[in-house]
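Here's the letter readout for the chains.
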Amino acid sequence: MTRIDDTFARLKAEGKKAFVAYVMAGDPDYDTSVEIVKALPGAGVDIIELGMPFTDPMADGETIQLAGQRALEGGQTLDKTLQIARELRKGDDKTPIVMMGYYNPIYSRGVDTFLAQAKEAGIDGLIIVDLPPEEDDELCIPAQKAGLNFIRLATPTTDGKRLPKVLQNTSGFVYYVSITGITGAAEADAAQVAPEVARIKAATDLPVIVGFGIKTPAAAQSIAGIADGCVVGSAIVAQIAAGKPVAEIADFVAGLAAGAHRA
Amino acid sequence: MPEDILNSFMTGPDEKGRFGDFGGRFVSETLMPLILELEAQYEHAKTDQSFWDEMDYLWKHYVGRPSPLYYAERLTERLGGAKIYFKRDELNHTGAHKINNVLGQIILARRMGKTRIIAETGAGQHGVATATVCAKFGLKCVVYMGAHDVQRQAPNVFRMKLLGAEVIPVTSGRGTLKDAMNDALRDWVTNVRDTFYCIGTVAGPHPYPAMVRDFQSIIGKETREQMMEAEGRLPDTIIAAIGGGSNAMGLFYPFLDDKEVAIIGVEAGGKGVNDKMEHCASLTGGRPGVLHGNRTYLLQDEDGQILEGHSISAGLDYPGIGPEHAWLHDIGRAQYVSITDTEALDAFQLSCETEGIIPALEPSHALAHVTKIAPDLPRDHIIVMNMCGRGDKDIFTVARALGWDMTGA
Numbered sequence: 001m002t003r004i005d006d007t008f009a010r011l012k013a014e015g016k017k018a019f020v021a022y023v024m025a026g027d028p029d030y031d032t033s034v035e036i037v038k039a040l041p042g043a044g045v046d047i048i049e050l051g052m053p054f055t056d057p058m059a060d061g062e063t064i065q066l067a068g069q070r071a072l073e074g075g076q077t078l079d080k081t082l083q084i085a086r087e088l089r090k091g092d093d094k095t096p097i098v099m100m101g102y103y104n105p106i107y108s109r110g111v112d113t114f115l116a117q118a119k120e121a122g123i124d125g126l127i128i129v130d131l132p133p134e135e136d137d138e139l140c141i142p143a144q145k146a147g148l149n150f151i152r153l154a155t156p157t158t159d160g161k162r163l164p165k166v167l168q169n170t171s172g173f174v175y176y177v178s179i180t181g182i183t184g185a186a187e188a189d190a191a192q193v194a195p196e197v198a199r200i201k202a203a204t205d206l207p208v209i210v211g212f213g214i215k216t217p218a219a220a221q222s223i224a225g226i227a228d229g230c231v232v233g234s235a236i237v238a239q240i241a242a243g244k245p246v247a248e249i250a251d252f253v254a255g256l257a258a259g260a261h262r263a
Numbered sequence: 001m002p003e004d005i006l007n008s009f010m011t012g013p014d015e016k017g018r019f020g021d022f023g024g025r026f027v028s029e030t031l032m033p034l035i036l037e038l039e040a041q042y043e044h045a046k047t048d049q050s051f052w053d054e055m056d057y058l059w060k061h062y063v064g065r066p067s068p069l070y071y072a073e074r075l076t077e078r079l080g081g082a083k084i085y086f087k088r089d090e091l092n093h094t095g096a097h098k099i100n101n102v103l104g105q106i107i108l109a110r111r112m113g114k115t116r117i118i119a120e121t122g123a124g125q126h127g128v129a130t131a132t133v134c135a136k137f138g139l140k141c142v143v144y145m146g147a148h149d150v151q152r153q154a155p156n157v158f159r160m161k162l163l164g165a166e167v168i169p170v171t172s173g174r175g176t177l178k179d180a181m182n183d184a185l186r187d188w189v190t191n192v193r194d195t196f197y198c199i200g201t202v203a204g205p206h207p208y209p210a211m212v213r214d215f216q217s218i219i220g221k222e223t224r225e226q227m228m229e230a231e232g233r234l235p236d237t238i239i240a241a242i243g244g245g246s247n248a249m250g251l252f253y254p255f256l257d258d259k260e261v262a263i264i265g266v267e268a269g270g271k272g273v274n275d276k277m278e279h280c281a282s283l284t285g286g287r288p289g290v291l292h293g294n295r296t297y298l299l300q301d302e303d304g305q306i307l308e309g310h311s312i313s314a315g316l317d318y319p320g321i322g323p324e325h326a327w328l329h330d331i332g333r334a335q336y337v338s339i340t341d342t343e344a345l346d347a348f349q350l351s352c353e354t355e356g357i358i359p360a361l362e363p364s365h366a367l368a369h370v371t372k373i374a375p376d377l378p379r380d381h382i383i384v385m386n387m388c389g390r391g392d393k394d395i396f397t398v399a400r401a402l403g404w405d406m407t408g409a
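Sequence lines, in order, name chains A and B. Under the working numbering, think of the first position of the first sequence as 1, with each following residue one higher. Under the working numbering, think of the first position of the second sequence as 1, with each following residue one higher.
Since the hints were derived computationally from the structure, they do not count as laboratory data. Warning: the hint list may mix true and false statements.
Below, simulated EDC-like cross-link-like pairs (lysine to aspartate or glutamate); rule was C-alpha separation at most 16 Å, straight line [as the list claims (entries may be wrong)]:
#: 1; chain 1: A; residue 1: Lys161; chain 2: B; residue 2: Glu37
#: 2; chain 1: A; residue 1: Lys80; chain 2: B; residue 2: Asp303
#: 3; chain 1: B; residue 1: Lys16; chain 2: A; residue 2: Glu134
#: 4; chain 1: A; residue 1: Lys90; chain 2: A; residue 2: Glu120
#: 5; chain 1: A; residue 1: Lys80; chain 2: B; residue 2: Glu302
#: 6; chain 1: A; residue 1: Lys90; chain 2: A; residue 2: Glu35
#: 7; chain 1: B; residue 1: Lys16; chain 2: A; residue 2: Asp136
Can you build the whole structure from these sequences, using the hints too?
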C-alpha cells in the first residue's frame, strides 16, 4: 500500500472524488514553489503532481512549456525538485506526490540512482509521458520493484485491443487523457469522456482519473462526476504565471477542489 | 549463410526498433497506436512491388534519378592524393537528397488515406521537398520551422509558400529545429485522425529511422552500381555530412557489410567542439539520452536538459543524431569526425573554384574532411563524397561570413 492507495481508500470511505493538482517544480522560483506545494493539501488537493521541468516538453501546451522554462531559467534541477518533495514531507506524511515529466532527466541521472533518491524524498508515483508500455523495461518495471507506482496514461487513441497492454503494469491509478492533444488546449467534454472512462473501468479495478482540458470548478465537478477524480494543471500554472500571491493561488485551487469534491 | 547474417550490420533495427541500445519508441500513448499503424503499413508497402514501381517511376521522371556519380578531376589534382568522386544528389529536383525520402513517405501517407501532411524543417530543404510533393499530389501541407531559421533561410520559406504550404514559425523553446520537431509532434498528437507526420531525417520513434534510411538508401545503391561501372570496384572511403544523418545513412547503408569500405560521417563542429557547446557534434561532444522518440547521442547538460548547438549550417543544427549512427559509432563500423564553420566555408569556396559546383553548407562539411585526408592518401584510393545539396539557399549566409555586401549592385 502506497500513500496513493491509502488516499483512494480514504476517499472511497468518505464517498468523495479525488482532486489532483499539477504544478511545475521550481515555478516561478524555488522558494515560492515550495510555498505553493505546501499550500496545496490545505486547499483540498488529494494528490500532488509535481512537474519535472524539461527543455523539450513534447506533450505540453504553451502554459506548461513556459512554466518549465521559468523553472529552468531560475536554476531548477532534478535535485531541487526532489528537495521540494522533502520539504513537503517534513510536515505532511499523507498527501501523495507523483512526479510527472519526461524520461531524459531520469535516464541521465541513472534509473536506479533516481528511484532510490525519489523513494527517500517521499515520492509515491511517476507519470512519464514518453514511456509507453513498449518501453516498460526502462523505468516502469524497476519503479514498481522500488515500491513506486507507475501511473500510465490512457488516451482516446488507446483502443480496446491495446487497453490491456496499457493497464498491465499500471499501478496507483489510471490517468485518462480526455482529448487528443496537448495540455491546456481544448476543453474536455464530460458527455464524450464518460463512455471512455466506463470502458477503462470495465477493464481494471484501479481508480480512473481524468486530466487535460479542465479549467474551472464547474468542469472539475462534471468531469470528476463521471470518473474517480480529475486533474487540473494548466489553469493553476496560469495563476502562477500571472504572478499571483501564494494565498490567492491556494484560493483558486480550493475552488477547483471544492468543485471536484461536490461531484 | 547463418554466419553471414550474424555478422551483418544490415539487419537492424530489431522488433523494438533498436539498433543495439539506440532507437526505440519513446512517445506518448496518444501517438503509440499511430506509430504501430505506420509500422504495419510500411512493412506491408516494403514488400509490395507496386509501391516500389511508383517510387521508381517518380524517382526517375520527377526527381531526376539516378543522380550522377561525378569524378571531381580538378579537385583531385588540387589535393594531389586520393581520387575523389561526388555523388550528385544536389541535382535532384528541389536541390537536395531530402525528396528521396519525402516521396516514399507521401506515397505511404496516400495509401493510408491521410489528407494532411506535417513536417519540421531546419535549413528548409526538407520543408521545400515536402511542400513540393504535397503540391504534386494536392495534399494540405503544414511546415514547422524555427523562427530563427525562418529568418536565415528566407528563400526556402518563400519557396514553400509558393508551393502552397503553410509555414509556421516556431517560437516555443528557443525557436530552432528541435523546437520545430516538438511543435510538429504537438500538432500530430492533436490531429491524429487525418494527419501524417513526414519526418525529414533518420531520427524519431521507430519505424522512422529505418524507413527514412530505406528511402534514402537509393543513394548508396546507385553509388555501388555506378562505381562498379566507372572503376570496376567498390570505393575505399565514403564520406557524408551529418545533422540528423539521413543523407549519410542513405549512402552508408548499402556498404555496411563491405568491410573494406571505410565509412566516415562528418558532424558540424561549429566554432570548435568545446565545453561551451558552440557546435552540433552529438557523437563527438554529446552522450546517450532520449529525445524525440528515440535513444541516441544528444547534446545535453549534466541534468539531462537538452542544449542548443551551433553551426553555420541550419541543416546540421540539431542536438541529436539518428540512432543507427549512434550504434555504428559505438560498434566502430563508422568513424565520426567534426569540421568547423571556417573549414566548411573554405571547402565551399574550393568546390566553387575547382569544380564549378556551389555546394550547400552541409556537404561543405563533408568536403572539408575530404580536403584533410585526400592529400595523404595514394592516387588509387577512391573516395566518394555525397554532395547532398546545392548551395543556392546558403549564398546569403556565406556572403555575410565572407564579408561580402549583398545589398549593393
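Results of checking the hints against the structure:
Distance check on the hinted pair: Lys161(A) and Glu37(B) sit about 13 Å apart at the alpha-carbon level, within 16 Å; holds. A threshold of 16 Å between alpha carbons decides the hint, and for Lys80(A) with Asp303(B) the separation of about 11 Å falls inside it, so the pair holds. Straight-line distance between C-alpha atoms of Lys16(B) and Glu134(A) comes to about 8 Å, which keeps the hinted pair within the 16 Å bound. For the suggested pair Lys90(A) and Glu120(A), the alpha carbons sit about 12 Å apart, so the restraint of at most 16 Å is met.
Between the alpha carbons of Lys80(A) and Glu302(B) the distance comes to roughly 14 Å, so the proposed pair stays at or under 16 Å and holds. Proximity of Lys90(A) to Glu35(A) is assessed by CA-CA distance (about 13 Å); at most 16 Å being required, the pair is judged to hold. Restraint check: the Cα-Cα separation between Lys16(B) and Asp136(A) comes to about 12 Å, which is no more than 16 Å; the hinted pair holds.
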